[in-house]
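Visitor: Sequence:
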Amino acid sequence: EVVRTPRLIRRSDPDFCKIDLQLSGRTVLDQDGSQAELPAGTFTFVDLSRPCQLAGGLNGVVAVMFPRSLLPLRYRDTRQLAGVTFQAPDASSALVAGLVGQVVGRLEDYSGPAGQRVGTAIFDLITAALLERLDRATQITPDRRLRVLTWQVKTFIEDRLADPELTPGQIAAAH
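In the numbering used here, the protein residues as written are 1098 to 1272.
No wet-lab data here; the hints were simulated from the structure. For clarity, every value in this text was computed on a predicted model and none was experimentally measured. Just so it is clear, CB atoms sit at the ideal spot from N, CA and C, and this is done for glycine as well. Please note that a few of the clues may not be correct.
Said to hold, decoys possible - Quick list of simulated restraints, FRET-style, between CB atoms:
hint: 1; residue 1: 1243; residue 2: 1105; range: 36 to 46 angstroms
hint: 2; residue 1: 1169; residue 2: 1250; range: 34 to 44 angstroms
hint: 3; residue 1: 1156; residue 2: 1108; range: 17 to 27 angstroms
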């Protein structure tokens, strides 16, 4: 069990947020009166400026932290997102979970400029998933939208690479 208390928050830099991605096992996050149950393949948003509690299979959890100031969200937006479960049926959520899961298994491959590019892609996908959950996908900047779309197309192709019926028309129609 992990507990982030007001005292711990005062002793640290509260200008960070994170997602907790459940790779295996199951955990439960409590924040702001919301509870997210996380089976494998799902993630939740955590605002580190507010108390929270995480319990369960913590061995299978990966955290991705980022400064709140980079998010195009207001404080009340982050409060609304805290304790929400993001799962695979949502395209952006599936991309976040898939990409983070792959990167974690090969961290040594992502140093220097390659790591910066992948980090930017992960953050863009996280932002897209958060904005979509708030029903504000139109606030995604054009350059970020293009990067997210590129990752969606690449993932779509990779998932269907063995399909001999895969055509450029199918890829275009799906996106």
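Visitor: Look at each hint and say if it fits the structure.
Guide: Now the hints, each set against the structure:
no.	hint	verdict
1	1243 / 1105: 36 to 46 angstroms	39 angstroms, holds
2	1169 / 1250: 34 to 44 angstroms	23 angstroms, violated
3	1156 / 1108: 17 to 27 angstroms	26 angstroms, holds
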